[in-house]
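Below, each chain spelled out in residue letters.
Protein chains: 2
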Amino acid sequence: MSDKTKAGSIIEPRVLKGFRDFLPAMEIPKKAIISKLETHFSSYGFVPIDTPVLEYTEVLLGKGGGETDKQIFHFKDNGERDVALRFDLTVPFARFLAQHQSELALPFKRFHIDKVWRGENPQKGRYREFTQCDFDIVGVDNAEADFEILSMMDSSFSVMGVENYQFCIAHRGLFNAFLAHLDILDKSTEILRTVDKLRKIGKEEVASQLAEITGSSEKANQILAYIHKENENESFLETLDRLSSLAGNEEVHTKRMRAIHAYLMKAGIADHFVFDPSITRGLDYYTGIVYETFLTQLPNFGSVCSGGRYNDLASLYTKENLPGVGSSIGLDRLLAALEELESPIVQSTSSADVAIFNTDMAGFAYYDQLARSLRKAGLRVCVHLTDKKLAAQYKWAENNAISYAILVSKEEEEQNRFTLRHLANRENHPNLTLQEALTILQRK
Amino acid sequence: MSDKTKAGSIIEPRVLKGFRDFLPAMEIPKKAIISKLETHFSSYGFVPIDTPVLEYTEVLLGKGGGETDKQIFHFKDNGERDVALRFDLTVPFARFLAQHQSELALPFKRFHIDKVWRGENPQKGRYREFTQCDFDIVGVDNAEADFEILSMMDSSFSVMGVENYQFCIAHRGLFNAFLAHLDILDKSTEILRTVDKLRKIGKEEVASQLAEITGSSEKANQILAYIHKENENESFLETLDRLSSLAGNEEVHTKRMRAIHAYLMKAGIADHFVFDPSITRGLDYYTGIVYETFLTQLPNFGSVCSGGRYNDLASLYTKENLPGVGSSIGLDRLLAALEELESPIVQSTSSADVAIFNTDMAGFAYYDQLARSLRKAGLRVCVHLTDKKLAAQYKWAENNAISYAILVSKEEEEQNRFTLRHLANRENHPNLTLQEALTILQRK
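Chains as they are written, first to last, in the UniProt record's numbering: chain D, 1 to 444; chain B, 1 to 444.
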């Protein structure tokens, strides 16, 4: 192909609006976090599953469709089927449960970390393609399962090296009992959505919207008294008692919350959890505990991990009741937060522990053999594959955030030795044996 | 919702034709293999990247489109953009290179393991959604880079626990030199596609098709003499000499192949590589070495890992020349093969090392504490969350392929002890301390 015809046919390399590439400096930390989470979930006996990216639109949206409709990528495939890209991992999981229930041993604990797609207008930190990290326990409705999700959620944040987070927890069932007690349960969906906006639009605006919904400013004030702690120092159990009493001395959900709290205390993690009755979660399917997670150093960042108990998730696809409790980490938002916090995990972007510089192509077989030996000792070793000038190889190592270089002189090669150079402080260790080098490299 | 309306609105839980769910028994080994490969690639200094699942159709197909067109999932999004699901990881990588070349330090070594989609008619072992595992070295055109890809490919198979594989390697440049020598280079695309079918349709049929393409049965026979080893014991270098001579004593590519072979010899892995001149690879963009990988115990299974050198991959998007060499493992096909071979890696499907049985819900806080201690020692521990009968918990542990159970009596709990039971041989170790249990569990 001549340069002329080539130039004529060049296509601009670009990605779609709201989509993005991950270069190694972002993808290395993303993969490191995912790998830590996978190992951590596995340590609790959670298992991975995978479902198709593309599903029947009807399966994902139900027969109605509704508001989500405009936000999802859907089309007719070559077989004229209505198909759509999944917009979360929850709906495919519900379908999966209904389809495979006879093959699964309940209680079933699963995790699923993968991409989902929504056609929303992209904003800062919001993309049309993003990664969710879901974990759920299905087939059991008790305080122990609720606690285990909260407990694993808590330890997941430690594992990721995230500090200063707070779980805000509430109980949807208790809130509904309260609404029933006020005789306004039929308005619950609108009320929940309004309450959900408390952080954004403030107390006054929520009160006025609630008055409109309920047709009564007295009821609006009663709801406000429920969701808003007057006393900021009110403890978990004090809040629980107050809400229980506002809900007409509700007993069932109150007892559940008390049991969960007792387990959190015994596990020594209760101080990470705050009872925040304004947490409602917009989605209809929650029936028990609900929670959101905030990074205390980034209060305006929004929730990075949310979820709750649902007791009838798969009802669209099966008559079987499948109670569950689960949680979802928004991995892209969390990554963005960790970047802003300059967390060590997002700053570990090196592509290798050691670079072997190529000072003489005739030495390549020796470089390769050396690399093999170092890899056997667990090191990540990158042999430079060109014989560019040393300055260029230094630059290349720097761009790859590599800390050590190996350089080999003819004399060293003959003695099966080499020079190890610490690139940051320019310290040279000449004439090392493999074992001597390993002692230095593994000391790090 | 009443049961009646519920039953009325039930949607059949099902996936699209050619798509599938991965239950834990398949997903656990799939993830294990991916994780091993990622660690292995990283040990060579390869870095991960990620690109969007959805791209502009023009970017993926070029301005023409052509045959691939019917096989890809494409549609108009809500903004009336022509978009398509990627059908491989190579084209998005080419686009990525062109777009980000100023941010990348060459030579650039990347891997990418993820799903791609093709609307082909599903067959045994062929799906419309499947996972590819690509690794490439870009920015350098020499024997050292060619060798490193082959070397990493070879060690990847060991890492996955695959035995009895053979890499069949050839050189597209040498073959083209041979066609030029016969003065039929202009027919190369058709000739390559025909030669590619040798394994499927046999020598005679290939000869007759080649005669038609070249318009000469003499030339057809000359091509056959090139691609078909008369002497099955012909060594790598003997084959190379024969082909070089048939190509009019070609020198450049011959020298490259000789250098690659010398490195394979020095690394002690040359016997895994066979020079098979009938390997051509269908795709147009290869210019140097090409290879396919066969499992010797499943000769009819097709290639599980293929690739080669391309010297102008990103030319659709940039005038910059970006030579590269790469390889792609077809993970689904490989998984299917490993299943057929009953390989240990696909048979490791246990969800945990130990299950803690729940014989008394009042003991749950103790079970949880025990689980935490065992997890700290690196074990995967699943607490059973219901108080179902023991028989049901045994069954559940069996379904999850868990080897050990912990049972706790009231007396044991009081002494901070428990019973460890090996589930397969029903051996009980009563009244153990944590440390005693760890000694048994970590011995495995």
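Quick caveat, the hints were computed from the structure, so don't treat them as lab data.
Misleading hints may appear alongside valid ones.
For identical chains, the list gives no copy identity; a pair is met inside one copy or between any two copies.
Said to hold, decoys possible - Within a straight-line C-alpha distance of at most 35 Å, the following computed DSBU-like cross-link-like pairs (lysine-lysine) qualify:
id: 1; residue 1: Lys410; residue 2: Lys319
id: 2; residue 1: Lys31; residue 2: Lys76
id: 3; residue 1: Lys115; residue 2: Lys319
id: 4; residue 1: Lys115; residue 2: Lys389
Checklist line | Up to 35 Å CA-CA - lysine 76 versus lysine 31, copy category | finding: both (33 Å within a copy, 31 Å between copies)
Item checked: Copy assignment of lysine 115 with lysine 389, given that the CA separation must stay at most 35 Å -> neither (42 Å within a copy, 39 Å between copies)
Margin query: Checking an output row: lysine 410 and lysine 319, CA cutoff 35 Å. Within, between, both or neither?
Written below: Neither: 76 Å inside a chain and 39 Å across chains, both beyond 35 Å.
Check: At most 35 Å between C-alpha atoms: does lysine 115 with lysine 319 qualify within a copy, between copies, both, or neither?
Finding: For lysine 115 and lysine 319, the Cα distance is within 35 Å both inside one copy (29 Å) and across copies (33 Å).
Consistency note: the structure conflicts with the earlier hints numbered 1, 4.
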